[in-house]
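**Q** So you can see what is in the structure, the chains are spelled out below.
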Amino acid sequence: MSSAPLLETQNLGRKFGQLQVLSDFDLRVEAGEVLGIIGPNGAGKSTLLSVIGGSVGASTGRILLDNEDITRTSASWRARHGIATSYQIPRPFLEMTVLENLLVASTFAANARGKKAEDLAIGAMKSVGLEGYANNPASSLRLLDRKRLEVARALAANPRILLLDEIAGGLTESEVPELVDLIRHVSASGVTVIWIEHVVHALTAVATRLICLTYGRILAEGEPQAVLNSPEVRSVYLGLDPDGENEAESFVKNRPSEVQKEPNTHA
Amino acid sequence: MSASVAQVLVEQRTHFVRRWTRTSIIGSSSFLVVAALLAVLPFMVNLSLVYSMIDLFILVILAMTWNMLAGYGGMVSVGQQAYIGIGAYSMVVLADSLGLNIFAAIALSAVVCGVIAIPISFLVFRLVGGYFAVGTWVVAEVVRLLVVQFPQIGGGAGISFSAMSDLSRDWRIATSYWIGLGATVIVVAACVLLIRSRAGLALTAVRDDMTAASTSGVMVTAVKRLVFVFAGAGAGIAGALIAVSTMRVQPDSVFSVQWSAFMIFIVVVGGVGTLEGPIIGVLVFWFLKQLLADYGPLYLILLGVIGIVFVLFVRGGIWGLISRKGRIELFPVGYNFSKKL
Ligand SMILES: Nc1ncnc2c1ncn2[C@@H]1O[C@H](COP(=O)(O)OP(=O)(O)O)[C@@H](O)[C@H]1O
Ligand SMILES: [Mg+2]
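Protein sequence lines correspond, in order, to chains Z and L. Sequence positions in the first sequence follow the working numbering and run 1 to 267. Sequence positions in the second sequence follow the working numbering and run 1001 to 1341.
Think of the hints as simulated: they come from the structure by calculation, not from any bench. Please note that a few of the clues may not be correct.
Said to hold, decoys possible - DEER-style ranges, computed between Cβ atoms:
hint, chain 1, residue 1, chain 2, residue 2, range
1, Z, 175, L, 1258, 35 to 45 Å
2, Z, 139, L, 1138, 32 to 42 Å
3, Z, 132, L, 1186, 52 to 62 Å
4, L, 1284, Z, 139, 17 to 27 Å
5, Z, 69, L, 1134, 54 to 64 Å
6, Z, 18, L, 1197, 44 to 54 Å
7, L, 1142, Z, 18, 39 to 49 Å
8, Z, 4, L, 1013, 37 to 47 Å
Note that beta-carbon positions come from the ideal geometry of N, C-alpha and C, so glycine has one too.
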């Protein structure tokens, strides 16, 4: 007997006007996975996360959580049922302090009260190293700290499924392993992670499976190294000669900043 | 059983969260001291000042509750006069026709307005932005047109409020003043408690980013409806106070859109989306009104100009200028992270 996946999309599609950003998207995510998503800018990665998180509606298709159709539920409902969204361009509550931002998630998404809500918020804050800014309004944070806050807010929601969108860009060489460690910890605690990232070596350090997206479709999928070495991904995403031997791996490992800055675009 | 992030994020409890700060202790106690001093004012100054202070109380109630609606909930209504009018008429019916005690009548007027706000919310919540504003105004006009159809409550000419007419003029003014002061303290306290509560945390998040609030689990529409009802009840109290202080309810005056214009001015000048702003805004508005009362239309033009200047150049209002360098709270609504000693 094969049990249903934790999260499943069937035939999922999203159009913005005439632009078909996602089409016929079928995805199965098992509990405990760390699913990495790569792909050129404009491929529809962020749109996919937004449709799963509920802040953007699906034009066609279904989303199932625990085999239950949640396509018509609101973003708020999904947050309260374990799907934690984070935005690629952070959207903190600007006039609220860092701690208060996190309390919103722990109080409403995680439905915690009193000390429990505080512990969850403070724990999330410490895990991303923002405790020094606890009482500062989010508007005073620089972009990198706003990204940390975005991750912390998703963690404070005590999620079953954590959606992350390009959180490693801009981190220093010593900060990336810390982030990888955090995600590894979160994953080990039983949380399923779907992580979009251009800093590929960060992703491959924890991902159990990798998907490469282009034009709203899956270009390649599978074991991370295999995906990175597949000819399609090499030419479309990494911009390498599709037939070169094992270049992808060294490219990814040694020149992460270039991968991160200049992925091919469709434009 | 499966573990969870909560267990990874174990808090070592080297810190705790405080609600009260030094400024909020000072601010809140000052608020109570000022209220106590205001209570003895009728014994100290002449009655015309006491009488005009009732206006100030009405404006504080309107501005505080409109700010909850627009400043926090993002619902820029120009139709709160619907509830001012309904509150004023309810007061007449409850206290005069049904003979209820004045305090009970005021409280019930607020309840009536809150209940009426529920179906109205389902109507106007279909609209957003400018359409919402116009929609609320249309609703207020419809309510006015309905109310003047009933000769039993005075039709277009209005009706007088006589529950307090057997008091001497001086006692009547002083009593109206005390009722107004009491109602104001209660409404301000209710606003503070609401913002301090769990619902207030949700509302503050909605104020800053509605979309992010919903992805953080906030039930945005429910919170907005709660505030819509709350603000309707608040405007109803203001209407009841108008009946008490002027002893007359005139439809063209209680249902006037000018109330909305005043609320917007006060909140914009004082500081949108803060508890302190509307109180400051009312003081500015009230002093301008006392200073310029003799200039007629010029006074309204000046208010308009000041309002526009604030909207364009002083976004946070006066309170925003004061608290620009970090957050100052006069009421204990925030959450402060501090080290355990
Ligand atoms: N709200 C929107 N309205 C219109 N077009 C959008 C919207 N969001 C995304 N798009 C378009 O959809 C495409 C995919 O965007 P996105 O999902 O952000 O890609 P990625 O995250 O892979 O870079 C882009 O062409 C983008 O311009
Ligand atoms: Mg993106």
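**Q** Now tell me, hint by hint, if it's right for this structure.
**A** Status of each hint after checking the structure:
1. Z:175 <-> L:1258: 35 to 45 Å: About 57 Å separates the Cβ atoms of residue 175 of chain Z and residue 1258 of chain L, which means 35 to 45 Å is violated.
2. Z:139 <-> L:1138: 32 to 42 Å: 36 Å, holds
3. Z:132 <-> L:1186: 52 to 62 Å: The hinted range 52 to 62 Å is violated for residue 132 of chain Z and residue 1186 of chain L, with Cβ atoms some 40 Å apart.
4. L:1284 <-> Z:139: 17 to 27 Å: 26 Å, holds
5. Z:69 <-> L:1134: 54 to 64 Å: 38 Å, violated
6. Z:18 <-> L:1197: 44 to 54 Å: This hint holds: roughly 46 Å between Cβ atoms.
7. L:1142 <-> Z:18: 39 to 49 Å: Because 41 Å falls inside the window, the suggested range holds.
8. Z:4 <-> L:1013: 37 to 47 Å: 39 Å, holds
The structure shown violates the earlier hints numbered 1, 3, 5.
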